[in-house]
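Chemist: So you can see what is in the structure, the chains are spelled out below.
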Amino acid sequence: ELKVEQNPLFLSMQEGKNYTIYCNYSTTSDRLYWYRQDPGKSLESLFVLLSNGAVKQEGRLMASLDTKARLSTLHITAAVHDLSATYFCAVLDFTSGTYKYIFGTGTRLKVLA
Amino acid sequence: DSGVTQTPKHLITATGQRVTLRCSPRSGDLSVYWYQQSLDQGLQFLIQYYNGEERAKGNILERFSAQQFPDLHSELNLSSLELGDSALYFCASSVGSGGAVNYGYTFGSGTRLTVV
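Line order of the protein sequences matches chains A and B. Just so you know, we're using our numbering here: the first sequence kicks off at 1 and counts up by one. Just so you know, we're using our numbering here: the second sequence kicks off at 1 and counts up by one.
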């Protein structure tokens, strides 16, 4: 079964700093999503990455995908407090002939003022 | 509002009891997915229904069952509840069986289940 690992699990950073969250997955997949979750809230879709080399950016967040390395990154530029949340990557798994998304463990980001 | 409605929002019940969680998918979506989110296990896929039929099964316990009705709403039944079943249960929906290409799943706000 597809395994998805994120690191770090926890990230505390100062406002204005840059950092990267990593998402590794174990088997071939052609679709990867990044989601954001605020405490006690639902998951909000941020980006979908559909091909090798895909890069998406919105505001201070930029996501990229390397399907050969089975690696996606979520880069945070000049962090602000509003970015504090938990970020999940989710990879489409088509083993067993059915589609389902396997989520990473999540990265809890705290941006300190 | 994502368009995916889950009820109830909170549920507190005793061990050994049975509960039913309800999910109404976004209008036009045929697939419903159930996920369990606990502190130590992250988001675990439980089960998927597409247009009334079970499509995929994940780490769902035998004490748990689900169904999708003709009007496409879904119910997740949890029985013989244990303390470890306390978690946030999310429902998500999508148009097809593999998730919308651009937006993945649309998640509901979840049901927080506390077993005491």
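Everything labelled a hint here was simulated from the structure, so no lab data went into it. These numbers were taken from a predicted model, which means no experiment stands behind them. Where is the CB? At the ideal position from N, CA and C, for every residue including glycine. The reader is advised that the hints may include incorrect statements.
[What the hints assert, rightly or not] Quick look at which bits of chain A chain B covers, simulated, 3 or more residues with Cβ under 8 Å:
hint	segment
1	43 to 54
2	97 to 111
[As the list claims (entries may be wrong)] Here are a few chain A residues that face chain B, going by a calculated C-beta distance under 8 Å:
hint	residue
3	P8
4	F10
5	Y19
Chemist: Which of the listed hints are not met by the structure?
Modeler: 3, 4, 5
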